[in-house]
Amino acid sequence: MEKIVIAGFGGQGVLSLGQFIAYAALYEDKAVTWLPSYGPEMRGGTANCSVVVDDEEVASPIIAVPDTLIAMNTPSLLKFEDKVKSGGLIIVNSSLVDEKVKRTDVTAIYVPANELAHEAGNVRTANIVVLGAYMKYSKLFPREVMLNTIEKVFHAKPKVIPANQKAFDIGYNL
Amino acid sequence: MSEKKLMKGNEAIAEAAIRGGCRFFAGYPITPQNEIPEYMSWRLFEVGGQFVQSESEVAAINMVYGAAGAGARAMTSSSSPGISLKQEGISYIAGAELPCVIINMVRGGPGLGGIQPAQSDYFQATKGGGHGDYHMLVYGPSSVQECVDILYNAFDKADEYRIPVMILGDGMLGQIMEAVTLPEMKDVSKLPEKKWAATGKNTGENRRIINSLYIEPDELESLNRKLFDRYALIAERETKYEEYLCDDAEIVLTAYGTVARIAKSAVNILRENGIKAGLLRPITLYPFPSKAFLEVANRPSVRRFVCSELSMGQMIEDVKLAVEGKKPVDFYGRTGGNVMTPEDIVEFVRTEVLK
Numbered sequence: 001m002e003k004i005v006i007a008g009f010g011g012q013g014v015l016s017l018g019q020f021i022a023y024a025a026l027y028e029d030k031a032v033t034w035l036p037s038y039g040p041e042m043r044g045g046t047a048n049c050s051v052v053v054d055d056e057e058v059a060s061p062i063i064a065v066p067d068t069l070i071a072m073n074t075p076s077l078l079k080f081e082d083k084v085k086s087g088g089l090i091i092v093n094s095s096l097v098d099e100k101v102k103r104t105d106v107t108a109i110y111v112p113a114n115e116l117a118h119e120a121g122n123v124r125t126a127n128i129v130v131l132g133a134y135m136k137y138s139k140l141f142p143r144e145v146m147l148n149t150i151e152k153v154f155h156a157k158p159k160v161i162p163a164n165q166k167a168f169d170i171g172y173n174l
Numbered sequence: 175m176s177e178k179k180l181m182k183g184n185e186a187i188a189e190a191a192i193r194g195g196c197r198f199f200a201g202y203p204i205t206p207q208n209e210i211p212e213y214m215s216w217r218l219f220e221v222g223g224q225f226v227q228s229e230s231e232v233a234a235i236n237m238v239y240g241a242a243g244a245g246a247r248a249m250t251s252s253s254s255p256g257i258s259l260k261q262e263g264i265s266y267i268a269g270a271e272l273p274c275v276i277i278n279m280v281r282g283g284p285g286l287g288g289i290q291p292a293q294s295d296y297f298q299a300t301k302g303g304g305h306g307d308y309h310m311l312v313y314g315p316s317s318v319q320e321c322v323d324i325l326y327n328a329f330d331k332a333d334e335y336r337i338p339v340m341i342l343g344d345g346m347l348g349q350i351m352e353a354v355t356l357p358e359m360k361d362v363s364k365l366p367e368k369k370w371a372a373t374g375k376n377t378g379e380n381r382r383i384i385n386s387l388y389i390e391p392d393e394l395e396s397l398n399r400k401l402f403d404r405y406a407l408i409a410e411r412e413t414k415y416e417e418y419l420c421d422d423a424e425i426v427l428t429a430y431g432t433v434a435r436i437a438k439s440a441v442n443i444l445r446e447n448g449i450k451a452g453l454l455r456p457i458t459l460y461p462f463p464s465k466a467f468l469e470v471a472n473r474p475s476v477r478r479f480v481c482s483e484l485s486m487g488q489m490i491e492d493v494k495l496a497v498e499g500k501k502p503v504d505f506y507g508r509t510g511g512n513v514m515t516p517e518d519i520v521e522f523v524r525t526e527v528l529k
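If you're matching them up, the sequences are chains B and E in order.
Residue numbers for the first sequence follow the working numbering, beginning at 1 and rising by one.
Residue numbers for the second sequence follow the working numbering, beginning at 175 and rising by one.
Any given hint might turn out to be false.
With a Cα cut of at most 27 Å, we get these calculated DSSO-like pairs of lysine-lysine [stated by the list, open to error]:
# : chain 1 : residue 1 : chain 2 : residue 2
1 : E       : Lys179    : B       : Lys157
2 : E       : Lys529    : E       : Lys494
3 : E       : Lys301    : E       : Lys331
4 : E       : Lys178    : B       : Lys30
5 : E       : Lys179    : B       : Lys159
6 : B       : Lys100    : B       : Lys136
7 : B       : Lys139    : E       : Lys179
Honestly, the hints are just simulated from the structure, not real lab data.
Assemble the whole structure, with the sequences as input and the hints as a guide.
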């Protein structure tokens, strides 16, 4: 079982980052739940989603102790850092977060996602850069599965597929 | 079998309702169920149905009353404050013996309350809600697939018993995305004829009247007795529940809807720590699976029940009635839109139940 909390500002693609993981789980025939925060705090405020991937059935979609935290902004790191499982993974978007992870019992990865996405040609793919880094370190799904997922999810907008696959690889090859 | 899809609870409910034969929807927006009317607003037209965004909740339920009286498979959805506004209409629908489906994606109350998940409308849903002696068939699904399975057959049940069917969800169930398998579209042209429906044609001298006014006490009493005979039949045939690891359980957790999933994870954690826990999950909330609770309560291995809800304690009253005092029933709840974690329930069991 993998329990992931993804958090950031509304508009950073936090919810869609979680959905890419959920779609990959669907295509790989795993059980998955994707639960977003909803409400007024999403407008310009913070947004987060909880994703649980399991082999058979997901019982609780509510996560108390995530295996992985993806923090796209500073408030998200401050809010969720202490909750991560000992031995877990924290991925920090270091383009927007100056703080370092204080915990010493977790693996901390710093991804300058906005800069990397900008260099790749589209700053809106910062969340996909992070997705690439997450897949590299978690090995949750193979690279090919994720590239395929990107293709399937964007099947109605084929023009954006190459940019997103490129962004994924930038994160994956960090 | 069709392909698995990733769907939000609200969207899956709307699609499953249409595949189950829904051809009329009236509703008024409210968080956290807006994806249902949004989906219905474009999807119903594809299948030749009708969608109305009404001027109010009161109007919406009365449109459902009218459409159901004319024989349509009719549905409305709302969330707690909106469902309160619909209570008069629901009572009339029950009194007129009309079938329909009502979704309540519950949010915290009382009053306008909040927009986050809650289960504090259990009393309203299961004990009547509006005025008069009546009940609805009430389901408390806990996953998106279960929403689909229940909605797909909900109109059949409503038609068969000529009663309103309510789906009691919560904000989480509406917003969560899960993989679902959707069933085939039912052929609405092949549904059994409704010999009572006011269709306005071919009824000859036998006028069909949709009415809930009975001035003669004897007539009203016989309606009430007829309805309750029907509820007894429904209790016999339609009661549903799930047992999880109850066979050797000492602590039996009970919860419905999404909370039952949180409780299921709590059972797994407790078992990993050597505590024999199980879960008894009502799927129908009315009729309540009382026999199953009494049967489990009579097992010598069972020491206590723990009822978990997103309320100050509503279903626990049915649990206590059902177990007839054979075993103690503890309560752990969160309210106001706060949701417990599996670990919260585990902690409660350890510190309060096993102390």
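Hint by hint, here is what the structure shows:
no., hint, in the structure
1, E/Lys179 with B/Lys157, "holds, 19 Å"
2, E/Lys529 with E/Lys494, "holds, 21 Å"
3, E/Lys301 with E/Lys331, "holds, 19 Å"
4, E/Lys178 with B/Lys30, "holds, 11 Å"
5, E/Lys179 with B/Lys159, "holds, 23 Å"
6, B/Lys100 with B/Lys136, "holds, 21 Å"
7, B/Lys139 with E/Lys179, "holds, 24 Å"
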